[in-house]
Amino acid sequence: MTSKLTVVVVEEDRDRALAIVDALKDSCDCDLFVIGTTSGLARRIAAHAPDVVLIDVDNPTRDMLEELTLASGPLERPVAMFVSRAAGGLAQAAIEAGVSAYVVDGLKPERLLPVLEVTIARFRMFRQMRIELAETRRALEERKVIDRAKGLLMKAKGIDEDAAYALLRRTAMDQGRRVAEVAEALVTASGLLR
Amino acid sequence: MRPVPLPVAYMPLVDAAPLIIAQEMGFAEAEGIALDLVAAPSWSSVRDMLAFGRVDAAHLLSPVPVAMAMGLGGVSTPVSAVSVLSVNGNVIGVGRALEQALRAQGFGFDFADARAAAAALAAVAEGPIVFGVPFPFSMHVELLRYWVEHTALAGCGIDIRTVPPPLMAQALAEGDVDAFCVGEPWGSVAVEQGAGALLLPGRAIWAFAPEKVLAVRTDWAETEPHLLGRLMRAVWKAGRWLSHPESRTTTAEILSRPDWLGVPAEVIDRALSARFIISGRAEQRQVAGFVGFHQGAASFPWRSQARWIGDRLALAQGLPRGAARDLGAAVFRSDLYRAHMAETDADLPGASEKLEGAIRHPTAIASQKGQLSLLQDAFFDGRIFDPSRID
Numbered sequence: 001m002t003s004k005l006t007v008v009v010v011e012e013d014r015d016r017a018l019a020i021v022d023a024l025k026d027s028c029d030c031d032l033f034v035i036g037t038t039s040g041l042a043r044r045i046a047a048h049a050p051d052v053v054l055i056d057v058d059n060p061t062r063d064m065l066e067e068l069t070l071a072s073g074p075l076e077r078p079v080a081m082f083v084s085r086a087a088g089g090l091a092q093a094a095i096e097a098g099v100s101a102y103v104v105d106g107l108k109p110e111r112l113l114p115v116l117e118v119t120i121a122r123f124r125m126f127r128q129m130r131i132e133l134a135e136t137r138r139a140l141e142e143r144k145v146i147d148r149a150k151g152l153l154m155k156a157k158g159i160d161e162d163a164a165y166a167l168l169r170r171t172a173m174d175q176g177r178r179v180a181e182v183a184e185a186l187v188t189a190s191g192l193l194r
Numbered sequence: 001m002r003p004v005p006l007p008v009a010y011m012p013l014v015d016a017a018p019l020i021i022a023q024e025m026g027f028a029e030a031e032g033i034a035l036d037l038v039a040a041p042s043w044s045s046v047r048d049m050l051a052f053g054r055v056d057a058a059h060l061l062s063p064v065p066v067a068m069a070m071g072l073g074g075v076s077t078p079v080s081a082v083s084v085l086s087v088n089g090n091v092i093g094v095g096r097a098l099e100q101a102l103r104a105q106g107f108g109f110d111f112a113d114a115r116a117a118a119a120a121l122a123a124v125a126e127g128p129i130v131f132g133v134p135f136p137f138s139m140h141v142e143l144l145r146y147w148v149e150h151t152a153l154a155g156c157g158i159d160i161r162t163v164p165p166p167l168m169a170q171a172l173a174e175g176d177v178d179a180f181c182v183g184e185p186w187g188s189v190a191v192e193q194g195a196g197a198l199l200l201p202g203r204a205i206w207a208f209a210p211e212k213v214l215a216v217r218t219d220w221a222e223t224e225p226h227l228l229g230r231l232m233r234a235v236w237k238a239g240r241w242l243s244h245p246e247s248r249t250t251t252a253e254i255l256s257r258p259d260w261l262g263v264p265a266e267v268i269d270r271a272l273s274a275r276f277i278i279s280g281r282a283e284q285r286q287v288a289g290f291v292g293f294h295q296g297a298a299s300f301p302w303r304s305q306a307r308w309i310g311d312r313l314a315l316a317q318g319l320p321r322g323a324a325r326d327l328g329a330a331v332f333r334s335d336l337y338r339a340h341m342a343e344t345d346a347d348l349p350g351a352s353e354k355l356e357g358a359i360r361h362p363t364a365i366a367s368q369k370g371q372l373s374l375l376q377d378a379f380f381d382g383r384i385f386d387p388s389r390i391d
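Sequence order for the protein chains is B and G. Read left to right, the first sequence gives residues 1 to 194 (full-length UniProt numbering). Read left to right, the second sequence gives residues 1 to 391 (full-length UniProt numbering).
This is chain B alone, in the form it adopts within the complex (with noise of 0.2 Å):
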């Protein structure tokens, strides 16, 4: 059991994708390939016979892979989600940063681990840059919102710029609310009464 591990990973997005395939060169010895497209793809995978196979678990073509944990696949050897069978906080850790790994039954876990765990932290990487891009996108939204009440409370009330944005925030204050919720609020309701 000293030959190298065989690889697949299953990424549409070619940075992603890549970005897997060098952290996993750097920690391990293993034959890595990858799978972009979606049509076909259990027999793709079965083609290139692998160890394991590394999915995002958003990923909704990962049902495809179902197919492969059954005897009668076209793998002919049996395989099975390691995640039943690994180390119990391994498979959690795995879970919550999002990856799904397929390995071959019989796999010894520690020719597993370093493959997991560099695929995990890379996976945590991609999750914590998700999160923070729909924040930042939030964050500009609310401040779209927020400039568009402030300029109604100018007009409305004939105050200044500060004055409409102590106003909103007295009242989100008041009302438990954040002063986004109070402008959007302000927002649709001068919609709704023009």
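Keep in mind the hints are simulated off the structure, nothing from the lab. Predicted, not measured: the structure shown is a model, and the values here were computed from it. Worth double-checking, as some hints may not be accurate.
[Stated by the list, open to error] Here are some chain B residues pointing at chain G (derived, C-beta under 10 Å):
1. T38
2. S39
3. G40
4. L41
5. A42
6. D56
7. V57
8. D58
9. N59
10. P60
11. R62
12. M64
13. L65
Ideal placement from N, C-alpha and C gives every residue a C-beta, glycine not left out.
Following the hints, position chain G against chain B.
Positioned in the frame of chain B, the structure of chain G alone reads:
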């Protein structure tokens, strides 16, 4: 009092309605719970979220808990099906190439006769027909296999491949699959996209097939009996509400929202009203009882239904059938259903097993309140599944 939050995973499908309606129409709140519904990208993801504790309950394909108990498919955390969320609700369809071949043969697409549809397909097939299904452990697969085994299609055979329903139209276009069996709204979506035509509703093969179940981890059911009871009652009340014809329009409107299915209400309404547009030629077909949430004790988890599923999985995988039936029966928890539904006005059947396929007409049965009748549950070929006999 603040409602207790309860995370539940689901796939965005018409038959997730009992969970969505329980939350949206206040049935959950009335039981003192708030369903935190988590939409999943795949069935494997639903199963894993449940198995690893990300959620406490899930909308699950009825064969999945049975397969898990049999050790198939990797994850083997003990899971219980505490009620049936829906019966029937699948459609079988064909891609453009097969549709044209069938029309050339003069096939009428009656959307009713399973035997005739199989004979017509067998006549035009040039080898095994490749069917796309959402998941390897699903009623879709079981219905297809049963249909093929007992019709002219046995001669040419079929291949079954897993294709996520949102990608089915693409798989048909690229020739990866020739035909499909999916849950609504995906069949109607395929018709809308011009990808193919609908051939049969699932119930033309088995008239009362348990499609989705409400599943929980078995240990959670034991440690949180009160929460489980509230969840089951909220979902049962939602199912009863769904069974009223006047709820239909509201249901289609709610499900169509981007937060839930994000599919036009008109397309969702086809499954709820059982009036289908089956092809690009706007041919309409009506199916009584296309999908059921309540009538005929639809939510009762019959142990015999699970024995049938276990039996079929064992046959396909070459495993001992008796053991598989018993494992299945232990997973469909009619005992928990009885315990938790006692305080509702649900009428409970006297028995927990029945001869599957024996009911040809709505039939009154022995029940606690004496008001229960079961609906037709026949298989298309008239066979009867006896849960206590292996032949």
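Results of checking the hints against the structure:
1. At about 6 Å, the closest approach between the beta carbon of T38(B) and any beta carbon in chain G falls short of 10 Å, and the interface hint on this residue holds.
2. At its closest, the beta carbon of S39(B) sits 5 Å from a beta carbon of chain G; the interface hint therefore holds under the 10 Å criterion.
3. With a least beta-carbon distance of about 6 Å to chain G, the hint placing G40(B) at the interface is held under the 10 Å criterion.
4. Interface restraint check: L41(B) against chain G, minimum CB-CB distance 9 Å, threshold 10 Å, status holds.
5. The beta carbon of A42(B) comes within 7 Å of a beta carbon in chain G, closer than 10 Å, and the hint placing it at the interface holds.
6. Taking 10 Å as the C-beta contact cut-off toward chain G, the hint placing D56(B) at the interface holds, the least distance being around 9 Å.
7. The beta carbon of V57(B) is positioned within 10 Å of a beta carbon in chain G (closest approach about 6 Å), and the interface hint is therefore held.
8. Checking D58(B) against chain G by beta carbon gives a least distance of about 5 Å; that is within 10 Å, so the hint holds.
9. Interface restraint check for N59(B): the shortest CB-CB distance to chain G comes to about 7 Å, inside 10 Å, so the restraint holds.
10. For P60(B), the suggested interface contact is upheld, since its CB lies about 4 Å from the closest CB of chain G, less than 10 Å.
11. Nearest Cβ of chain G to the Cβ of R62(B): about 5 Å, under the 10 Å cut. The hint holds.
12. With its C-beta approaching chain G no nearer than about 5 Å, M64(B) sits inside the 10 Å limit, and its interface hint holds.
13. This hint holds: L65(B) has a C-beta 7 Å from the nearest C-beta of chain G, less than the 10 Å allowed.
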